[in-house]
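**Q** Construct the entire structure; sequences and hints are all you get.
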Amino acid sequence: MFGKIILAVVVCVIESSALAETPLRLNVIEHRLPNGLTLLMLEHHRAPIVSCSVFYRVGSVNEEPGCTGISHLLEHMMFKGTRTIGTKDHAREEPLLRKIEELHERLSESGRGSEDAGSAKGLKDELAHAERQADSLTTKNEFWKILTREGAEGLNAHTGRDWTQYLCSLPANRLELWMWLESDRMSGAVFREFYRERAVILEERRLTIDDSPDGAFSEQLFATAFIAHPYRWPIIGWASDIEHITPDLLRSFYRRYYAPNNAIVAIAGDIRPEQVVALANRYFGPIPPQPPPPPIVTREPEQRGKREAYLKFDASPRIALAYHKPAVGADDDIALNVLENILSSGRTSRLYKSLVQQKQVAVAATASCPPSKYPYLFIFYSIPRRPHTTDDVERALRAEIERLSREPAGEWEMQKARNQIEADFVRECESAQNLASLIGSYESIDRWEYLNRYIPKIRAVTAADVTRVVNTYLREERCTKVVIRDTR
Amino acid sequence: MLKRIPAAEARAVASLSILFLSLALVGCAAKGRPARPSPLTVPPLSFTPPEPERVTLACGAALYLLPDHTLPLFSLYAVARAGSAYDPPGKEGLAALTASVMRTGGTRHVSPDELDLQLEFMAADISTGTNEDASSLSLSCLSKDTERALGLLCDILLNPAFNDEKITLRKGQVREAIRRRNDEPGQIVSREFDRLVYGSYPYGHQVIGEPGAMDRITREDLTAFHRDYIRPSGMIIGVAGDFDRDTVVRELNGALGSAHAPLQPSLPPAPDRAERSVNYIEKDTEQAHLMVGHPGIRRDNPDYFPLMVMNEILGAGAFSSRMLERIRVNEGLAYHVATQFTTNVQTGLFYAVCQTKEKSATEALSFILDELERIRTERVTREELARAKDSFINSFVFHFTTAPQVVAQRVDLEFFGLPPDYLKTYLARVSAVTDDDVLRVAQTYLHPEKATILVLGTKGEFEPPLEKFGPVNALKLTDVGSEK
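Protein sequences, first through last, are from chains U and C.
Quick note: the numbering used here has the first sequence finishing at residue 503, numbered continuously throughout.
Quick note: the numbering used here has the second sequence finishing at residue 1573, numbered continuously throughout.
Please note that a few of the clues may not be correct.
To be verified - Now the stretches of chain C that chain U is said to cover, found in silico as 3 or more residues with beta-carbon under 8 Å: (1) 1123–1137; (2) 1201–1209; (3) 1413–1420; (4) 1436–1450.
As the list claims (entries may be wrong) - Here are a few chain U residues that sit away from chain C, every Cβ distance over 10 Å (derived from the structure): (5) Ala-132; (6) Asp-140; (7) Trp-253; (8) Pro-262; (9) Asn-276; (10) Arg-322; (11) Leu-326; (12) Lys-327; (13) Ser-383; (14) Tyr-389; (15) Asp-406; (16) Glu-464; (17) Ala-479.
Hints were generated in silico from the structure; no laboratory data involved.
Glycine included, each C-beta is placed from N, C-alpha and C at the ideal position.
**A** Right, here's the structure in full:
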């Protein structure tokens, strides 16, 4: 009944050896429910709290043109309640919700010219009336209110390219409440207030992309660097796509992707694993699995020539150079992580010393190597310092890449990188909130055990490996450059 | 050397035990899944908040200590009454520049580059920060390196070299940041709002600096600011993690020496400039940005608890708040809308903030003003009050999730002059708040009729026009694009 439980012999969250050489390891306890749900548990008894995340293995990468942004819209809609939560009477509410959907459908048809203006006004009035009636049956924001009243902290959700996360920390004695609510909305969500939430997302797009220089910049970068793969569209979706998502489309997407066999529950905190397993069986156990979602078949073809995009924006100049890199788990990605540190970590890093301190062409210059499920990007980002231009910065960035392609990194730099990456990992282990997110996100894109393999692999990277990945990946023909120019 | 973690997790020592009883949820535990969450029993939470030790160092600084040997980490957090409020007129940004170059400019014993090399090789991080009231100094390192890192930190604090090249470098970065300060609408609105509400009061300018100020600041200004405002005797320090208490006390006493003349920097009270005005900044954006507010409270205001509860209901409680429920959830007009009372030594700000598409700017503004008025005229409901109070009471444990968090909290509380038993009385003070209290503080501290209204956007698109709210002052932004 309990399935396979791998209990750690030593009941502690993190073990380390007296030997300086052995890195910190996370003693995650993994349990799979019969319906395919993956449960990850990590004991962390510093404070009587539990930090819980549900990760669904779905993100913008699973979307299609015409329907981009649906994962993110779904994330918003998951807070609107279920057949039980958020409504005073679902049986009475349901026909009203259907009527609202029908009226919206007819209104958008009338917008396309098939009905006249007078009947459009009539439809609007009818719609307003139906919405008022539906609202009177709604208990607003009930999901949120229940949890925050019980002491929830950090209640939130994030949509990524590869996963969608729902997170919440609670006093440890509220774990069962969390189980009740999260399992309830895994299969019983009701998408009330849909059209207003869609409007909210359009506002979010305006705020985070349309009026944001860095948001627009990042959107342009991904759209240029990727010509085929679904990483190319923004997580929030194109505005036109968002405007055309319907409740029916949303419901299909939800049924397909929000299944226990496509979900990971990650809990870190003041827990007893056998109790957590019992609760998970009681609450998530009865939810039936769904057919596995379709795989992503589109692969980004190898880039065979530099791409450049110039973004016109009422803001100061900035530049990014992005290079295609492997997904998480590849050995080369580990070496690229070491490269990232050598290039960009602190004032002794290559980019800081050269661009910011010596040449003073930039006020900031960084490199980043994010982990991802599918091949991704190694990204240089820099802010030029007047009177220097983005061209000056590009030259300086290339000079650093060129140097690293010829001369191996020094042993001091290599050891510094190892020291910093390891110390950062120790820091990550300080809070239960962070740990729950960490193990859940890595399980979504790879396996949580990656975290325990990570430091040994980092230690094994040599200077020759770093030179090799510079020469393999940071090549002109694999480069995408995006610039906001100085037009003022 | 990494230590083996003991099998039974050690809880931090505390002198006072607080037993939490379950609130609101009663009934018998169901074997299967109950139809609603309300019958779920919540077993009592036994919780003893960790309590740091407090000592006074020989130099006069207060020191909070909380050992925690779970991970091989050590951290320190220290604050000095050295914020941007002490920038001399015309030299805005001096406090932040001093704090920044104190860290980057080396010491009398170690060159800037050597300091960075040592710290970064150890994977230790020493950083500084500045806000209106304070400059802070932080250290994070592996516990095996504590002695060395602590030594470097004390050297930075006592003997900063303020290397000329590093001053020039940082000034260049600040100038570039000022050049870029109109890139983002949110940043523009926040800055201009501060200026409108505070005027020439020391909280009114930007922490990083103002156009032209970097040209007027000299190296002597930095050394003088450091000498006058950043001294151990006036600081409050917190240490947490894997350390030996006696060793750290001894090391700090040894490094920081004996007391100097105590610092007593003070600020005059902020003027109550509250007077209704409607201000506008033209910018071609997809969204209008709105801020509505006026002077707020000092952090040590005795009405803080009822005010915290009132503000939670009004606009700080996200989906439990009136502002968000109305403007985002019911009307679909905004992604972000909230209210805030900022926490400062002298009078902070109160504001409501919102962003919405251009067309809806004035509609959203009406809703904001309406909600500000409503909470002043009607009592909040019993449900709203209970929910707000319960959320504070039930989330109290989150003040104590890590040792560094616990000490940082104590440092900040002392900085604001709050009593040592503040956390011990916290729950009782929240519980004591009544709907009468909420109404009283809403009437005392919220003044929509005297609010500064600031809107950024394209007012030709607003429906109805902005003039509906009063005569509009169009603001012209200082041109910083060519700031050298």
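**Q** Which numbered hints does this structure break?
**A** Structure breaks no hint.
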